[in-house]
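Asks: Here is what each chain is made of, one letter per residue.
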Amino acid sequence: MAATFFGEVVKAPCRAGTEDEEEEEEGRRETPEDREVRLQLARKREVRLLRRQTKTSLEVSLLEKYPCSKFIIAIGNNAVGVWEEVGCAKLWNEWCRTTDTTHLSSTEAFCVFYHLKSNPSVFLCQCSCYVAEDQQYQWLEKVFGSCPRKNMQITILTCRHVTDYKTSESTGSLPSPFLRALKTQNFKDSACCPLLEQPNIVHDLPAAVLSYCQVWKIPAILYLCYTDVMKLDLITVEAFKPILSTRSLKGLVKNIPQSTEILKKLMTTNEIQSNIYT
Amino acid sequence: LNTSLSTPIFRPAVSVGNVGQLAMDLIISTLNMSKIGYFYTDCLVPMVGNNPYATTEGNSTELSINAEVYSLPSRELVALQLRSIFIKYKSKPFCEKLLSWVKSSGCARVIVLSSSHSYQRNDLQLRSTPFRYLLTPSTQKSVQNKIKSLNWEEMEKSRCIPEIDDSEFCIRIPGGGITKTLYDESCSKEIQMAVLLKFVSEGDNIPDALGLVEYLNEWLQILKPLSDDPTVSASRWKIPSSWRLLFGSGLPPALF
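Sequence order for the protein chains is A and B. Last residue of the first sequence: number 278 in our numbering, and the count goes up by one each step with no gaps. Last residue of the second sequence: number 1256 in our numbering, and the count goes up by one each step with no gaps.
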């Protein structure tokens, strides 16, 4: 409980998460109907891997089906690439804008997997939706499987708002966008930017992937771009360019100046008519 | 994980004020415990960051995840640190996995560091020390006797349903997260477990964490006994580097 400035006593949110007693009581009071609703909700929130062209499911995890040497995961709207599609992970949660999960079109796809035509062992995953906490481990299992290969390298690209960055200065004075990196113990190359300083931490799907890689000793690196805009923005996308010169990704982009042209093209196709109400 | 028969395992409960976890940070940081493994589970919300106990540039770049195991072989101590909250409906499965690991690791006993809502205290509790302990019945006699000699207060039973006058009495730990579940399960599985907790409110819980480690230290003597000077207490526990900026970044000067 906490007292507000106006003298009312209110229940303060507990940093420890769900009140234990509520959850215990939920367990005790759960009727068969409640249980059925909960199971149906869990089924609706399941992560499913499928091939969009044939609308068939993948029977095994993605990386068990396709050999992979490099896997690049772009999480969020600002980290994109242009590749050939091999499948997608369809999922639903409360953050999804569309309720139609059966008919996917290119703008409705959730996590899409591509591989490089010129080098099919190089994969890209574009994940522009929010994967909820209870779905993150499922996602990992569906994509990596339970016995991941160790001879692949993972690169994760994502963005955060600059106000999330903890520093002794005011975040308003930081020269955003800027990059920070986190890497697993087995990633031996150097990052193209400073490592993320404590007390900063990372959550959500990027954290789930990096944790998985750390535990399974897979070389992986997360590049985090702190930016003050959250929509697709050329300046923020350009902030990722130094990554293209790193040892792991150098061979993938032949012409750096050309990549800016590609990025500009992507900007135009993705521009949405906006007004003050959106 | 090789543990000798006398090894106790510490773990925090994710509870009000995160006091158990803060206390665990102090123990790991002060004793310079080494990381020996991960408790990889789908029950906790994922998070990563660089080494929260870094002291130099050199040791600052080791990745840390949400549940890690540390040890200090010279004192036969093993610590499990939890850094995030439970995913909905996953707290009970986590307790089961944890206790099954504890049993299979052959460790002597588990010590849970926790906290409980201070606003839920009754009149007697308001007037006494804010620290409480609980021991499972299978706890060794020698430990029970040692605790008795410290004159500690055992956690009192209270009404199972507070609003109902003729409700039965039982152990309740409001705000304690999975503490009660762990305690109950350990009782039934005959695991030696001690729960050490403090009544706290949400806020700056660093002093509460310092209090809880001193309470633990009365029993285990991890550090030399405290002198009568209370100001010495804070300085002998090493505050980890990750505790910087607990209340956010610096303020824009234009605000003033």
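Incorrect hints may appear among the rest.
Simulated restraints, written as ranges between beta carbons of each label pair [to be verified]: (1) Leu39/A / Phe1169/B: 33 to 43 Å; (2) Ser57/A / Trp1101/B: 32 to 42 Å; (3) Val229/A / Cys1187/B: 49 to 59 Å; (4) Pro1137/B / Arg35/A: 32 to 42 Å; (5) Asn1032/B / Pro67/A: 39 to 49 Å; (6) Ser1100/B / Ala42/A: 45 to 55 Å; (7) Pro1162/B / Lys150/A: 51 to 61 Å; (8) Ser248/A / Cys1187/B: 20 to 30 Å; (9) Arg35/A / Ser1100/B: 46 to 56 Å.
Straight-line distance between alpha carbons at most 20 Å, and here's what the computed PhoX-like set of lysine-lysine pairs gives [unchecked claim]: (10) Lys1238/B / Lys1224/B; (11) Lys1088/B / Lys44/A; (12) Lys217/A / Lys188/A; (13) Lys217/A / Lys1035/B; (14) Lys1035/B / Lys1224/B; (15) Lys44/A / Lys65/A; (16) Lys150/A / Lys70/A; (17) Lys70/A / Lys166/A; (18) Lys44/A / Lys1090/B.
Calculated from the structure, these hints are not laboratory results. Bear in mind that the values here come from a model prediction, so they are computed numbers and not experimental data. Glycine included, each C-beta is placed from N, C-alpha and C at the ideal position.
Asks: Could you work out which earlier hints the structure fails to respect and list their numbers in ascending sequence?
Replies: Violated hints: 6, 8, 9, 14, 15, 17; rest satisfied.
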